[in-house]
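2 protein chains.
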Amino acid sequence: MSANGHTNGVNGANGLPDHPGFTAIPARENPHPHTARNPYGHNAGVTDFLSNVSRFKIIESTLREGEQFANAFFDTEKKIEIAKALDDFGVDYIELTSPCASEQSRRDCEAICKLGLKAKILTHIRCHMDDARVAVETGVDGVDVVIGTSSYLREHSHGKDMTYIKNTAIEVIEFVKSKGIEVRFSSEDSFRSDLVELLSLYSAVDQVGVNRVGIADTVGCASPRQVYELVRVLRGVVKCDIEIHLHNDTGCAIANAYCALEGGATHVDTSVLGIGERNGITPLGGLMARMIAVDRDYVMSKYKLHKLKDIEDLVAESVQINIPFNNYITGFCAFTHKAGIHAKAILNNPSTYEIIDPSDFGMTRYVHFASRLTGWNAIKSRAQQLNLEMTDAQYKECTAKIKALADIRPIAIDDADSIIRAYHRNLNKSGEDAFLMDLTPDEKLQFAAKEKEFARQEA
Amino acid sequence: MSANGHTNGVNGANGLPDHPGFTAIPARENPHPHTARNPYGHNAGVTDFLSNVSRFKIIESTLREGEQFANAFFDTEKKIEIAKALDDFGVDYIELTSPCASEQSRRDCEAICKLGLKAKILTHIRCHMDDARVAVETGVDGVDVVIGTSSYLREHSHGKDMTYIKNTAIEVIEFVKSKGIEVRFSSEDSFRSDLVELLSLYSAVDQVGVNRVGIADTVGCASPRQVYELVRVLRGVVKCDIEIHLHNDTGCAIANAYCALEGGATHVDTSVLGIGERNGITPLGGLMARMIAVDRDYVMSKYKLHKLKDIEDLVAESVQINIPFNNYITGFCAFTHKAGIHAKAILNNPSTYEIIDPSDFGMTRYVHFASRLTGWNAIKSRAQQLNLEMTDAQYKECTAKIKALADIRPIAIDDADSIIRAYHRNLNKSGEDAFLMDLTPDEKLQFAAKEKEFARQEA
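Chains as they are written, first to last, in the UniProt record's numbering: chain L, 1 to 459; chain F, 1 to 459.
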């Protein structure tokens with residue numbers, strides 16, 4: 001059994017070159033040598049001294065950004081259920097809608113603070129003393145302060161100039177800190193803000209002791225290399241932590257979060273399934289997919305990945321959406337392999353065509369056996385791995401049985417193995433073991449009919 | 001009316017700093033000065049001499065990669081329908097499943113070649129003379145050749161060494177070229193292949209005159225900066241075009257495509273809704289979202305964006321999936337704004353919170369009026385834009401009517417405008433104009449009931 005949980009022992013020990021991908025960063029001694037054991041590992045970010053890909057934290061914003069999703073109307077009970085599930089999963093922070101948004105928002109914020117969760121509770125307010133005074137009385141562990149800094153927002157939203165923004169920010173930060181709780185200051189629409197003004201503002205709030213500054217791609221316009229560069233420059237300007245909040249309008253929210261961590265960001269905002277304004281932000285599950293491919297040990301040690309699907313189902317049901325067919329990790333086809341050439345290699349060694357081990361998330365790998373794109377050599381290959389030698393005619397007959405069963409229900413690798421073993425046993429004894437133990441009577445009838453149909457086709 | 005189709009005249013002429021984002025690339029004279037007119041523009045890639053973000057081509061692979069999607073079983077008629085739709089949309093190439101996969105695949109390939117489409121037709125084969133001989137007889141404009149080069153694939157799939165791969169590649173390429181058609185050579189799992197071996201192989205095929213080399217992130221492990229760096233290095237090694245094929249397992253397929261273009265790639269593989277092995281590849285719509293945010297003029301001039309939704313609906317129906325709730329551009333919430341502060345600014349100037357103009361795709365913007373997160377100041381702001389002055393009490397009453405209608409059906413900006421105008425007319429005349437012209441009798445009854453309910457709540 002290798003370190004990644006697969007049962008194939010040859011990974012990394014096959015004598016062939018094992019180039020870990022290609023990176024802009026000069027090779028250095030890997031400060032995280034444990035990751036090298038992972039045959040799925042890509043150490044680009046891990047070997048860079050700026051990078052936090054092996055020590056990032058999650059600020060989970062389903063109960064703030066997610067509440068701005070078109071379909072989201074969480075009542076108190078649902079908010080508490082979601083907060084508890086996220087806490088159990090292991091997120092570092094849970095961010096809540098401003099207590100100033102409505103009387104109910106304030107009461108919900110107080111109720112969640114009283115739950116005694118391990119995760120720190122944050123609330124998200126406008127950069128204004130009126131809001132700050134309300135926020136610090138709710139019992140939160142920290143306050144996330146935000147103000148728009150782009151010319152768009154300054155003209156079309158709040159109408160304030162940068163001097164006013166800086167002075168207000170300092171007043172709010174010093175006030176929140178005086179209450180003994182964390183404070184973050186974020187610009188909004190950071191990538192359409194003037195760079196010099198932005199750095200000047202962040203530098204000023206860093207000097208008064210802000211805990212974290214935030215960069216926000218509010219409109220989803222930023223590209224990965226822009227994100228990397230802005231974070232890297234900011235990393236040289238401030239001492240405090242750096243948070244990143246990324247919308248997904250142009251499909252870069254996960255990639256941008258990764259590049260932000262490479263550039264020195266410390267905290268990533270997520271929401272379950274990415275729900276938020278418009279098409280949302282970096283999804284929690286998608287970020288897990290990205291990060292586990294880079295540093296599996298860190299992700300596995302910190303987050304209860306088996307709970308991901310339950311949390312997604314909980315939120316999807318609350319906001320009345322379906323899990324997208326192509327959702328990261330939990331989408332129905334995330335671990336389904338179809339083409340014959342893929343299926344054969346996957347059976348041989350799953351890491352050939354998988355960068356993520358589905359069992360890390362309590363998920364199952366499917367190989368699509370009942371397709372014109374696959375063939376009996378996949379089954380022969382698998383049988384030989386299981387040390388079950390048969391003739392080619394027998395492999396073909398066994399394949400026909402698997403295809404017949406695959407027409408009745410989805411066939412996982414384990415199911416295929418059971419069928420192959422049963423077929424092999426039946427060759428050497430009188431009587432016939434069932435191919436799958438848990439077939440219903442109706443499925444048994446369907447299977448018999450399929451077998452007849454397949455036999456006709458062969459003839 | 002500004003260049004981007006919005007009716008707000010102040011974009012880029014507001015006297016405030018208009019920083020175009022931040023980029024790693026030294027500022028140079030913009031070779032595409034027309035893009036600077038776009039208030040949504042981000043010229044990072046456009047100003048880099050390596051970059052092809054303003055001249056990329058699409059190789060549409062719904063009928064090849066997409067056929068490997070778990071649910072995809074296209075018959076000949078459906079393949080022809082999809083090919084015609086993609087051709088009409090304006091894709092540069094259409095890639096088809098290997099004619100060697102099955103007898104039906106070969107016949108379908110020939111049928112599509114005979115349609116006389118504007119797009120060039122490609123078929124995708126293993127790097128083998130047997131396959132090449134079949135492919136060149138189908139009538140295709142080009143042949144895409146692929147072979148696995150990673151240690152994983154070499155051990156667990158085909159079992160060939162690099163010398164064999166190189167010699168076979170050269171034989172196949174020279175054969176295909178001798179037939180007067182295009183040929184592309186791609187490695188598979190390029191990011192887990194040995195870099196020196198990979199560059200040596202690409203250099204060899206470039207020297208025998210291959211038209212295009214392909215980089216493939218077959219397992220979806222690559223990160224944006226890895227992609228940029230590998231493409232940039234390859235750009236210095238080969239003279240031919242560079243194609244990129246990117247799986248989305250870790251959420252980077254769109255971002256990686258963008259970074260590949262920044263690094264000098266010329267062609268991007270897409271499929272409709274991203275369908276393919278596992279959770280698929282760079283989606284056509286998602287790539288359009290990314291690219292229109294960077295060079296709207298190029299994208300608008302080349303692709304019939306209004307057809308995107310029809311093509312997605314066609315493919316989704318064929319493979320029996322729902323369009324994801326958060327799909328780029330066409331997802332139901334892609335242009336829905338909810339938070340009060342967002343709604344107000346969006347009404348004031350859409351580009352405040354939108355990087356893409358929905359009307360470019362024939363889509364409609366929604367502002368979520370019936371939420372506790374929004375308020376009457378959004379309606380006041382919109383009414384004032386329409387030069388309809390009223391008292392605050394009247395704005396509030398008008399807002400209540402819009403909220404009542406929003407409870408009955410989704411309210412688009414145009415609907416809100418109609419209601420505001422009707423409300424304003426009714427103030428100054430006897431009798432009452434309908435608030436929306438096309439309400440059904442049933443909706444009118446619902447509206448009357450809602451109005452009573454809202455009045456009770458106010459009291």
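Take these hints with a grain of salt, some might be off.
As the list makes no split between identical chains, a pair holds if one copy fits it or if it spans any two.
Said to hold, decoys possible - The list that follows gives simulated cross-link-like pairs (lysine-lysine, DSSO-like), each with its CA atoms no further than 30 Å apart:
#1 K78 to K450
#2 K114 to K450
#3 K401 to K118
#4 K179 to K444
#5 K179 to K401
#6 K429 to K307
#7 K177 to K160
#8 K302 to K166
No lab work stands behind these hints, which were simulated from the structure alone.
- Structure versus earlier hints, numbers of those that do not hold, lowest first: Hints 2, 3, 4, 5, 6 and 8 not satisfied by this model.
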